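Here the protein sequences come in this chain order: A and B.
Add 618 to the 1-based position in the first sequence for this note's numbering, that's all there is to it.
Add 691 to the 1-based position in the second sequence for this note's numbering, that's all there is to it.
Among the clues, some could well be false.
[Claimed, not checked] With a Cα cut of at most 30 Å, we get these calculated DSSO-like pairs of lysine-lysine:
#1 Lys743/B / Lys760/B
#2 Lys642/A / Lys696/A
#3 Lys696/A / Lys794/B
#4 Lys760/B / Lys696/A
#5 Lys694/B / Lys743/B
#6 Lys789/B / Lys694/B
#7 Lys642/A / Lys789/B
#8 Lys642/A / Lys794/B
#9 Lys686/A / Lys760/B
#10 Lys686/A / Lys743/B
#11 Lys760/B / Lys794/B
#12 Lys794/B / Lys694/B
#13 Lys760/B / Lys789/B
[Unchecked claim] Label pairs and their computed distance ranges (CB to CB):
#14 Thr696/B / Asn689/A: 34 to 44 Å
#15 Ser625/A / Lys794/B: 20 to 30 Å
#16 Gln736/B / Arg729/A: 17 to 27 Å
#17 Pro802/B / Lys696/A: 26 to 36 Å
By construction, these hints were calculated from the structure, which means they are not laboratory data.
Note that this is a predicted model, so its numbers are computed, not measured.
Every residue, glycine too, gets a C-beta built ideally from N, C-alpha and C.
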Amino acid sequence: DAGVIQSPRHEVTEMGQEVTLRCKPISGHDYLFWYRQTMMRGLELLIYFNNNVPIDDSGMPEDRFSAKMPNASFSTLKIQPSEPRDSAVYFCASRSRDSNSYEQYFGPGTRLTVT
Amino acid sequence: DAKTTQPPSMDCAEGRAANLPCNHSTISGNEYVYWYRQIHSQGPQYIIHGLKNNETNEMASLIITEDRKSSTLILPHATLRDTAVYYCIVRVAGSNYKLTFGKGTLLTVNP
């Protein structure tokens with residue numbers, strides 16, 4: 619299995635532009651998580667889905683952030699409009715309902731820089 | 692979920708055992724202890740988890756004290772590739788799948 623796939627790996631954009639981050643979870647996994655990591659705040663959960671349905675979005679910082687999961691193999695995290703303080707590494711993770719360990723498998727991340 | 696306390700950094704010589712401590716004095720009876728690590732510029736990686744008993748897998752061993760208020764992650768023969776930030780996480784098993792990451796311990800394995 620290729621693992622969790624994220625694209626792009628790096629994104630540089632100007633303030634005010636729309637940014638879309640993409641994630642393909644591991645096949646067969648029915649939970650998908652979006653995290654953000656910064657030096658100041660560490661690694662924090664933004665939102666997670668179960669069977670393509672958002673379950674908890676309490677970590678989404680503000681209305682500029684939105685996430686969708688149109689099918690079991692694809693999810694997007696969109697920031698519109700982007701701001702310099704959104705600069706961070708964004709990780710996507712997935713896990714299987716059948717996993718007894720609640721192990722989450724993380725992707726390589728997308729490093730976002732907003733200038 | 693219970694709060695955890697870890698030292699900010701530790702050093703270990705290559706080939707020696709690395710023992711990473713974690714305090715979770717407010718842990719409840721139904722909370723598990725999880726360990727993840729994050730190698731520089733990569734996503735976090737699951738290592739091991741346990742409830743009461745000591746656990747071992749191909750990566751590490753987890754020793755949980757009898758009162759469950761602390762635990763130790765042991766990497767038996769540390770290599771340079773084990774240099775990473777190690778996170779100790781306590782969470783309740785069940786429908787809440789959130790993982791709350793603290794600051795972790797930066798383990799540096801020296802040649």
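- Which numbered hints are broken by the structure, listed smallest first? 4, 9, 10, 17
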